[in-house]
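Please take these sequences and the hints and turn them into a complete structure.
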Amino acid sequence: MLDLRQYTCLGAALRDALDRFSSEVCLIEADRDREKVRLTYSDFKEIALPLARALEDADFDPGDRAAIIMTNQSKWLISAYAIFYCGGVIVPLDYKLSAAEHLQLLAHCKAKVLVVEYYLWLAIMRSPDFHKIATKMVLVTEAPLGAELAGAFRWEDFKRKGAPDFVMRQKEDIACIVYSSGTGGRPKGCVLTHENYLEQCRSLTAWYPFWPGVRYLSILPTNHAIDFMVGFIGPFVCGACVVHLRTLRPELVRDAFLRYRITYVSLVPMIVKNLERGLRTKFAELPGWKRAFLNAMIATNKMLTRRRPRVRLSRMLLPGVHRAFGGEVLALITGGAFIEPSTMQFFYDLGIPVANGYGLTEAGTALTLNDLKPFRADTVGKPLPGVELRILSPDADGVGEVAVRSKTVMSHYLDDPELTLETIVDGWLLTGDLGRFDRSGHLQLFGRKKNMIVTEGGKNIYPEDVETVFDGLPVKEYSVFAGNYIWPKKELGRESLVLVLRLEQNQKFDSKLQEEVSRQNRRLPDFKRVGGYLIWDKDFPRTASMKIKRQILAEEIAAATDRGKVVAL
Amino acid sequence: MQTAEKTLDEILALAAAHFKVSRERLSPDDDFFKALGIDSLQTLDLLTKLENHFHVELPDYELQGVSDFRTLAGKIQARL
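Chains P and R, in that order, are what the protein sequence lines are. Every letter in the first sequence is one number past the one before it in my numbering, and letter 152, counting from 1, is 512. Every letter in the second sequence is one number past the one before it in my numbering, and letter 38, counting from 1, is 396.
By construction, these hints were calculated from the structure, which means they are not laboratory data. Each residue gets a CB set at the ideal place from its N, CA and C atoms; glycine is no exception. Please note that the accuracy of each hint is not assured.
The calculated lysine to aspartate or glutamate pairs, modelled on EDC-like cross-linking and capped at a C-alpha distance of 16 Å, are [stated by the list, open to error]:
hint : chain 1 : residue 1 : chain 2 : residue 2
1    : P       : K633      : R       : D403
2    : P       : K633      : R       : D418
3    : P       : K548      : P       : E875
4    : R       : K392      : P       : E875
5    : P       : K888      : R       : D397
6    : P       : K456      : R       : D388
7    : R       : K407      : P       : E611
8    : P       : K456      : R       : D418
9    : P       : K819      : R       : E420
A few chain R residues that face chain P, going by a derived Cβ cut-off under 7 Å, partial list only [claimed, not checked]:
hint : residue
10   : D389
11   : S398
12   : L399
13   : D403
14   : L404
15   : T406
16   : D418
Rendered as structure tokens:
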């Protein structure tokens with residue numbers, strides 16, 4: 361891999377990688393059983409540079425911001441490189457947000473350029489707020505010929521001949537602005553520097569290296585911090601190959617492991633659990649003697665890999681299982697949400713290590729990672745090289761808020777100095793997560809201090825972002841909370857939101873009101889929906905500016921009632 | 359081409375059979391996540407079954423924001 365210590369920006373590192381690994385395959389894009397794109401590093405450069413030149417000619421200047429709203433595909437990475445080449449700042453937006461949310465974030469980050477997939481652009485064009493869009497230059501990928509694009513350009517045609525000028529950036533310059541929460545409340549745009557990414561890449565690849573020939577299956581959205589790092593920057597600076605799928609149907613993901621002999625993949629816990637379910641069902645269907653033999657082999661593998669993974673040995677002991685994963689998997693990388701230790705242990709015992717970790721957008725990607733020496737399913741691993749972690753105000757069990765100091769910690773929140781001051785104190789980033797270290801230096805997480813949930817799909821959901829969907833609900837007042845914020849418990853997983861309702865005097869919670877609550881709740885994407893409601897009989901405490909004092913209200917509710925009073929929706 | 363009503367009916371029958379719930383318990387405007395007790399990943403599984411049955415291809419994004427059988431049927435009907 362490249363020696364990243366000698367670089368000051370991602371653009372320069374990527375530029376050198378494209379030259380150094382020119383004949384290696386860097387990208388494969390498949391849609392079902394059809395391979396749509398296969399590019400070498402040299403091909404990648406040939407497509408990206410004319411785009412960079414066209415951006416330059418269109419007055420896209422160093423420091424200008426370009427948002428990307430796309431599913432995982434080759435044009436995401438090509439556009440990102442062209443933007444870095446011009447010295448620009450990338451704003452990766454979650455393609456699963458609504459068009460209205462996209463428009464709000466585009467305005468918040470003041471994007472000069474937007475690169476967007478056609479179907480997403482259609483949704484944005486049809487939004488009632490479309491006329492407010494201030495982003496002047498929009499590049500739309502895969503638009504049908506002759507499609508009405510409201511002044512946008514077709515990405516495929518947006519290219520110019522002639523070599524563009526490479527713009528060098530310094531370590532402290534902004535590389536990306538990544539939103540760690542939605543739009544209903546306070547958009548949290550994490551401003552990450554080139555140094556943040558270079559340091560993160562160095563520490564991650566020190567433990568989980570890539571090299572030419574490694575194939576990384578990119579399933580998590582590339583806008584997500586994990587995939588941006590391990591599905592783009594990491595593999596590229598090492599000459600490895602990234603495989604994109606245009607569909608995430610479970611059986612097609614399984615096919616991709618076989619077809620492309622995948623080495624690494626990052627998965628959210630929900631998908632890992634789905635894989636586990638599939639394997640357990642297959643095991644249960646085996647005839648009795650085969651099942652007994654398989655169990656014996658698993659037990660043998662478990663015994664022989666207790667201290668460290670021995671992948672070659674595991675492949676010999678359990679050839680059928682490993683063949684189903686393509687035969688070359690070194691690890692499943694998981695993070696972004698809580699994963700059941702039993703699920704991780706299940707895979708480890710099959711000889712497929714699960715590299716789980718812990719991180720947050722505000723700190724680049726990962727702070728801790730399981731180093732597998734030995735594998736510890738009950739922890740989120742040890743701090744990565746260069747990461748200092750501290751437990752603030754630990755209780756009798758040693759549990760307190762996790763704080764981090766590292767070169768991977770963001771510079772600040774975009775246009776929000778107040779929130780930045782609350783979050784980064786004396787150089788330490790306060791994570792809002794509760795944890796402790798065990799005797800061997802592994803971090804264990806126990807819950808959250810902050811009012812939010814993380815879904816099994818790895819989505820951070822803030823109650824303030826969800827509340828607006830209940831606007832106009834015919835009650836006196838309402839608020840949404842993370843259940844664990846009201847009733848703290850020292851564990852993660854199965855987190856849900858609770859809608860707290862204060863009814864008008866003499867108002868009854870009848871079936872009509874219940875139907876209205878359910879109807880409004882269904883307007884949210886499934887992963888954002890409120891799990892239950894609670895009727896509260898006192899007025900909400902409010903500030904002078906009439907904002908709800910959430911912490912005080914949560915404390916009042918916790919003192920007067922318990923979680924059992926929440927009615928499922 | 360078959361009618362939209364028939365498409366909807368076949369979707370309900372396939373969903374009921376695949377997730378082993380009674381067909382009578384499902385109605386066109388039901389939230390399928392709730393009615394079938396499934397997550398978004400299992401919904402993709404259902405989509406594959408429907409594609410094979412109707413011989414159409416639906417990109418994943420077509421399902422974004424869709425949570426009831428009637429809307430899903432409309433998406434499939436549009437491609438028949």
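Against the structure, the hints:
Of the pairs offered as hints, the one joining P/K633 and R/D403 holds, with about 15 Å between alpha carbons and a cut-off of 16 Å not exceeded. A hinted pair counts as satisfied when its Cα atoms are at most 16 Å apart, and P/K633 with R/D418 does not qualify at roughly 20 Å. About 33 Å separates the Cα atoms of P/K548 and P/E875, which puts this hinted pair outside 16 Å; it is violated. Between R/K392 and P/E875 the CA atoms are separated by roughly 14 Å; this keeps the pair inside 16 Å, and the hint holds.
Only pairs whose Cα atoms come within 16 Å are accepted, and P/K888 paired with R/D397 is accepted, the gap being roughly 12 Å. This hinted pair does not check out: P/K456 and R/D388 have alpha carbons roughly 22 Å apart, beyond 16 Å. For the proposed pair R/K407 and P/E611, the alpha carbon gap of about 11 Å is at most 16 Å, so the pair holds. Pair hint P/K456 plus R/D418 holds up; C-alpha atoms about 11 Å apart against a cutoff of 16 Å.
Distance check on the hinted pair: P/K819 and R/E420 sit about 20 Å apart at the alpha-carbon level, beyond 16 Å; violated. The interface hint given for R/D389 holds, since its Cβ lies 6 Å from the closest Cβ of chain P, which is under the 7 Å cut-off. Given the 7 Å rule on beta carbons, the hint for R/S398 holds: about 6 Å separates it from the nearest Cβ of chain P. The closest approach between the C-beta of R/L399 and any C-beta of chain P is roughly 5 Å, which is under the 7 Å cut-off, so the hint is satisfied.
For R/D403, the suggested interface contact is upheld, since its CB lies about 6 Å from the closest CB of chain P, less than 7 Å. A distance limit of 7 Å between C-beta atoms decides the matter here; for R/L404 the minimum to chain P is near 10 Å, and the interface restraint is violated. A least Cβ separation of about 5 Å between R/T406 and chain P falls short of the 7 Å threshold, and the interface hint therefore holds. Hint on R/D418 holds. Least Cβ distance to chain P is approximately 5 Å, under the 7 Å limit.
Going down the numbered hints, you'll see the structure goes against 2, 3, 6, 9 and 14, while the others check out.
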